[in-house]
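Asker: Listed in order, the protein sequences are those of chains A and B. If you use the numbering used here, the first sequence closes out at 116, no skipped numbers anywhere. If you use the numbering used here, the second sequence closes out at 116, no skipped numbers anywhere.
Please note that the accuracy of each hint is not assured.
What the hints assert, rightly or not - One-sided excerpt, in silico: chain A residues whose CB lies under 8 Å from chain B:
#: 1; residue: G20
#: 2; residue: P44
#: 3; residue: G97
#: 4; residue: L104
#: 5; residue: K108
#: 6; residue: S113
#: 7; residue: P116
Unchecked claim - SDA-like cross-link-like pairs, simulated, lysine to any residue; straight-line CA separation at most 20 Å:
#: 8; chain 1: A; residue 1: K111; chain 2: B; residue 2: K39
#: 9; chain 1: A; residue 1: K108; chain 2: B; residue 2: K18
#: 10; chain 1: A; residue 1: K41; chain 2: B; residue 2: V20
#: 11; chain 1: A; residue 1: K61; chain 2: B; residue 2: E104
#: 12; chain 1: A; residue 1: K111; chain 2: B; residue 2: Y102
#: 13; chain 1: B; residue 1: K39; chain 2: B; residue 2: Y102
#: 14; chain 1: A; residue 1: K41; chain 2: B; residue 2: Y102
#: 15; chain 1: A; residue 1: K41; chain 2: A; residue 2: K73
#: 16; chain 1: B; residue 1: K18; chain 2: B; residue 2: F106
#: 17; chain 1: A; residue 1: K41; chain 2: A; residue 2: D74
#: 18; chain 1: A; residue 1: K108; chain 2: B; residue 2: S81
#: 19; chain 1: A; residue 1: K108; chain 2: B; residue 2: F106
#: 20; chain 1: A; residue 1: K72; chain 2: A; residue 2: P116
#: 21; chain 1: B; residue 1: K53; chain 2: B; residue 2: Q15
#: 22; chain 1: A; residue 1: K108; chain 2: B; residue 2: S41
#: 23; chain 1: A; residue 1: K108; chain 2: B; residue 2: D78
#: 24; chain 1: A; residue 1: K111; chain 2: B; residue 2: K18
#: 25; chain 1: A; residue 1: K108; chain 2: B; residue 2: K53
#: 26; chain 1: A; residue 1: K41; chain 2: B; residue 2: S41
#: 27; chain 1: A; residue 1: K108; chain 2: B; residue 2: T61
#: 28; chain 1: B; residue 1: K39; chain 2: A; residue 2: K61
#: 29; chain 1: A; residue 1: K108; chain 2: A; residue 2: D21
#: 30; chain 1: A; residue 1: K41; chain 2: B; residue 2: Q42
#: 31; chain 1: A; residue 1: K41; chain 2: B; residue 2: K18
#: 32; chain 1: B; residue 1: K45; chain 2: A; residue 2: T30
#: 33; chain 1: B; residue 1: K45; chain 2: A; residue 2: E43
What the hints assert, rightly or not - DEER-style ranges, computed between Cβ atoms:
#: 34; chain 1: A; residue 1: D21; chain 2: B; residue 2: D60; range: 37 to 45 Å
#: 35; chain 1: B; residue 1: L116; chain 2: A; residue 2: S33; range: 39 to 47 Å
#: 36; chain 1: A; residue 1: A46; chain 2: B; residue 2: N29; range: 18 to 26 Å
#: 37; chain 1: B; residue 1: R80; chain 2: A; residue 2: E19; range: 27 to 35 Å
#: 38; chain 1: A; residue 1: S113; chain 2: B; residue 2: R112; range: 32 to 40 Å
#: 39; chain 1: B; residue 1: N57; chain 2: A; residue 2: D21; range: 43 to 51 Å
#: 40; chain 1: B; residue 1: K45; chain 2: A; residue 2: G45; range: 30 to 38 Å
In short, the hints are calculated from the structure, not lab data. Note that beta-carbon positions come from the ideal geometry of N, C-alpha and C, so glycine has one too.
Okay, here's what each chain looks like letter by letter:
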Amino acid sequence: GEDVEQSLFLSVREGDSSVINCTYTDSSSTYLYWYKQEPGAGLQLLTYIFSNMDMKQDQRLTVLLNKKDKHLSLRIADTQTGDSAIYFCAEGGGSQGNLIFGKGTKLSVKP
Amino acid sequence: DAMVIQNPRYQVTQFGKPVTLSCSQTLNHNVMYWYQQKSSQAPKLLFHYYDKDFNNEADTPDNFQSRRPNTSFCFLDIRSPGLGDAAMYLCATSRETRNAYNEQFFGPGTRLTVL
């Protein structure tokens, strides 16, 4: 069945880069997404990548996709304390149609 | 601003006492979803509506029901809440599902406590 795996925690210092990794299993996924969840709030789409791309850059965010290895990463440059949140990887557009989420990576940014 | 609204934000109920959570959207999206999210877990899809077409996930307990009386509103009914149903319930909307860009817009969630 489908599964999306992420490490649960990441801690970085303010100003450093953060890299959050994700692996997925559904090779038919059309789009892959990164959502951000701040405490007590719903999920908010950060960025996404279409499956025929291998990189997408959006200001401080860089998404890398290795379709062969089914590996997705999110790099946040110059990480700020306001980036502290839980980041969810999700695959979609595949055989099931709906989004399949990972368990989320809690990013802690130390001043 | 177009948005997804959930009421209430916090709900306390007693074991076995039916409870209804509500969601409304001003985005005029075709699809509405209900997710259950427990601490340190991925959001788990319970069901979704594509317009009036109801789609239940295979492992969603019968205790959970949903209604979508019109495009804007969707309700989650928990007929007999158990302690294991305490969670954050997230409503989301999107324009499309399969084989398409499927950005989902989430509400802030309702945190359900079962006493």
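Asker: Is the interface hint for S113 (chain A) satisfied, with its Cβ closer than 8 Å to some Cβ of chain B?
Answerer: Status violated, d = 14 Å.
Asker: Sort out whether K18 (chain B) lies within 20 Å of K41 (chain A), counting only the CA atoms.
Answerer: At roughly 33 Å apart (the allowed maximum being 20 Å), K18 (chain B) and K41 (chain A) break the hint.
Asker: Quickly compare the C-alpha distance for K61 (chain A) and E104 (chain B) to 20 Å and report which way the hint goes.
Answerer: At roughly 17 Å apart (the allowed maximum being 20 Å), E104 (chain B) and K61 (chain A) satisfy the hint.
Asker: For the hint 18 to 26 Å, verify it against the beta carbon of A46 (chain A) and that of N29 (chain B).
Answerer: Hint holds: Cβ distance 23 Å, inside 18 to 26 Å.
Asker: Interface hint check: P44 (chain A), Cβ to nearest Cβ on chain B, cutoff 8 Å. Holds or violated?
Answerer: violated (11 Å)
Asker: Straight-line Cα separation of K108 (chain A) and S81 (chain B) no greater than 20 Å?
Answerer: Judged against 20 Å, a Cα distance of about 27 Å means the pair is violated.
Asker: Assuming the hint says 39 to 47 Å, is it satisfied by the Cβ distance from L116 (chain B) to S33 (chain A) or not?
Answerer: holds (44 Å)
Asker: What's the verdict on K108 (chain A) and K53 (chain B), does the C-alpha distance respect the 20 Å limit or exceed it?
Answerer: Violated, at roughly 30 Å.
Asker: Sort out whether D74 (chain A) lies within 20 Å of K41 (chain A), counting only the CA atoms.
Answerer: Violated, at about 24 Å.
Asker: Has the given pair, K72 (chain A) with P116 (chain A), been kept, meaning a C-alpha gap of at most 20 Å?
Answerer: violated (35 Å)
Asker: Is it true that the CA of K45 (chain B) sits at most 20 Å from the CA of T30 (chain A)?
Answerer: Measuring from Cα to Cα gives roughly 17 Å; hence the hint holds.
Asker: Taking only the CA atoms, is the gap from K111 (chain A) to K18 (chain B) under or equal to 20 Å?
Answerer: With Cα atoms ~34 Å apart, K111 (chain A) and K18 (chain B) exceed 20 Å; violated.
Hint compliance for this structure: hints 1, 2, 6, 7, 9, 10, 12, 13, 15, 16, 17, 18, 20, 21, 23, 24, 25, 28, 29, 31, 37, 38, 40 are not met, and every other hint is.
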